[in-house]
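**Student:** So you can see what is in the structure, the chains are spelled out below.
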Amino acid sequence: MQGAFEEHMRALEAAGARTRLVRTREDLEELDGIVLPGGESTTMTMLMERVGLLEPVREAIQAGLATLATCAGMVVLAREITDGMPEQKGLGLLDIGVRRNGYGRQVESFESPLHIEGMDGTDFPGVFIRSPLVERTGDVKVMATYDGHPVAVRQGRIVALCFHPELTSDLRLHREFVRLAASR
Amino acid sequence: MAERNGARDGNGSVKGSFKVKAGLAQMLKGGVIMDVVTPEHARIAQEAGACAVMALERVPADIRREGGVARMSDPDLIKSIMAAVTIPVMAKCRIGHFVEAQILEALGIDYIDESEVLTPADEENHIDKHPFKVPFVCGCRDLGEATRRIAEGAAMIRTKGEAGTGNVVEAVRHARAVNAGIRKLQGMNHAELVHEAKQIGAPVEVLAECQKLGRLPVVNFAAGGIATPADAALMMQLGVDGVFVGSGIFKAEDPLKRAKAIVAATTYFDKPEVLAEVSAGLGKAMQGLEIPAIPKDELLAARGW
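For the record, the sequence lines run as chains X and C. Residues 1192 to 1375 in the numbering used here are what the first sequence lists, from first letter to last. Residues 410 to 714 in the numbering used here are what the second sequence lists, from first letter to last.
Simulated from the structure, these hints should not be mistaken for lab results. Each hint should be verified, as a subset may be incorrect.
Below are the DSSO-like pairs computed for lysine-lysine, each with C-alpha atoms no more than 30 Å apart in a straight line [what the hints assert, rightly or not]:
hint, chain 1, residue 1, chain 2, residue 2
1, C, 705, C, 666
2, C, 542, C, 621
3, C, 488, C, 542
4, C, 680, X, 1280
5, C, 424, X, 1332
6, C, 666, C, 488
7, X, 1280, X, 1332
8, C, 488, X, 1280
9, C, 621, C, 424
10, C, 607, C, 593
11, C, 666, X, 1280
12, C, 621, C, 593
Model the full structure from these sequences, guided by the hints.
**Tutor:** What follows is the structure, given as C-alpha cells:
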C-alpha cells in the first residue's frame, strides 16, 4: 500500500521467491507468504480499511499465511498500540504491546549489530528508523533484543521485526522467511 | 569521515548515519507529504493518510501572493504541529542557511527541506548536509542539480516544479529531465561518463552510481504544482517514488476529501478505474496559475545552484 515494498521484493527475489504487490483482495489469492513492510502504519491501515483489505488480510494471516512484518508492519499486527493515532485500528493478531516511535524521533534513528537466536555466523546489521518499542510480550518467542527490549519476535507463522533487513544486503532473514512460507 | 557516518555510541550503535537518513525516505515511498500551517491541518492530513507533513507558516501560494522575505517558520508553530501528529514532520529552511537547519535539528524535526520556496540565504553555496544527524530533502530541475545535492549530503530528492501554482507542468518537465539524464548514461563508458559529468556539473561518483542503478541513488518525490489525484498519478507513472502536495490541498474547497483522494491516487496510480472513482465530486481545486503569466524573476524553481 505504502512504504518500503520494493526493497522487500528485491530481497525476496534474491532469496529465490516470486513476488507481487498486494493492493486488492484478488492479489491475496494463492499466496504462500505476505510482507507487511515499513512505512507509516497510519497510512497503511487507513488505506487497507478504505479499500476493504483489512479484514481479508486478517483472515488470511489467522488462517496461517506466513507473515513477515517490519517496523510499521509490526505496529499494524500488534495487539496493543501506545502513542498511535486516536482509535488507530490494526490487525491485533500479534500478542505484543508496542509504543509507536518508542525509540524517539528521526534524529534518534540508529544502526546496531544484533545477535539473532538460532542464526549462524556474524551478528545481523540492525537498521532502526523511528522504530516501535516492544513494551510487552505475551505468547511469542523473542528472537533478538536490543537494550533489554525485544526487537524480533516469532508467533507461529508470524515473524515481526523492529528493524529493516530490506535496507541491508544481508539476506539471511529473508531466506529464512522464504523457507517458512514454503513449509506448508 | 566519522561525522559523515553518524555519531557512535558506547554500545556499538550508530545514530544519524546516511543509511538511516536515506532509510526514512524509503519508508515514505508510495506516500503523500502534505504542507500544513496549523496543528488542525496536520491532523486532517494524518487522518487522510499522509505519510508525513511539512510544517509551514504560509503555503507557497500565499508566499507567492504576499511577497517579502520568506524564512524558516516559528519554532512554536513547528513544535505544535509535531505534538499534533504521530507521522514524521518536516520543515523548510532557506537555501544555504545552515543556522536555520541547526535550529530545526535542535527542535527534533524528522526531515529538513532546504527549499527554494523560501528566500535563499546564500547565492552560491547550499548547506553541507553531511554533518547533520537529521536528513535533508532538496529540490532539483535536472540530473546535474539532483546529483550536486546528493553529493552535499541530501538523503532525498524532489523535483522543484513551480510551487504555489497548482500547475503540474513544471514538475513534469523536471521529472522528465531527470529521467532523460539517467537514460542518457546507459551504455556510456567511464571516459564518456566523466565528460557528461563535466557537461551537467555533476559529481562523477554520484553520476556513476546513477548509471549503475538506472535511477537516483536516493528516494525521489515529485513536488511543485500537484493539485489533483490525476496530477499525483501522472507523476507516479513518470517514475517518482511519491508526491509532495503543497497549496493544492488546503487551498481547495474540501481539503479532507481531496487529501484522501490524492493518497488513494498515489497508491493506485496505475489503475484508471480507481482514479476515476476518487477524482469524482471533490469540489473546486485551487485556482492555479499559468507559468508564462509569472514574471521571470518570481519563478521559484530558478533558485538553487
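**Student:** So, for every hint listed, does it hold in this structure?
**Tutor:** Hints versus structure:
1. Taking the CA atoms of residue 705 of chain C and residue 666 of chain C, the gap is near 34 Å; set against the 30 Å cutoff, the hint is violated.
2. The suggested pairing of residue 542 of chain C with residue 621 of chain C holds, with an alpha-carbon distance near 27 Å, which does not exceed 30 Å.
3. Straight-line distance between C-alpha atoms of residue 488 of chain C and residue 542 of chain C comes to about 19 Å, which keeps the hinted pair within the 30 Å bound.
4. Among the hinted pairs, residue 680 of chain C with residue 1280 of chain X is consistent with the structure: their alpha-carbon atoms are about 26 Å apart, no more than 30 Å.
5. Using a Cα cut-off of 30 Å, the hinted pair residue 424 of chain C and residue 1332 of chain X holds, with the two alpha carbons roughly 28 Å apart.
6. For the given pair, residue 666 of chain C sits about 26 Å from residue 488 of chain C by alpha-carbon distance, which is consistent with the 30 Å threshold.
7. Proximity of residue 1280 of chain X to residue 1332 of chain X is assessed by CA-CA distance (about 24 Å); at most 30 Å being required, the pair is judged to hold.
8. For a cut-off of 30 Å, the pair hint linking residue 488 of chain C to residue 1280 of chain X stands: about 26 Å separates their Cα positions.
9. For the suggested pair residue 621 of chain C and residue 424 of chain C, the alpha carbons sit about 28 Å apart, so the restraint of at most 30 Å is met.
10. The hinted pair formed by residue 607 of chain C and residue 593 of chain C meets the criterion: a straight-line CA distance of about 14 Å does not exceed 30 Å.
11. With a C-alpha separation of about 20 Å, the suggested pair residue 666 of chain C and residue 1280 of chain X falls inside the 30 Å cut-off, and the hint holds.
12. With a C-alpha separation of about 12 Å, the suggested pairing of residue 621 of chain C with residue 593 of chain C holds against the 30 Å cut-off.
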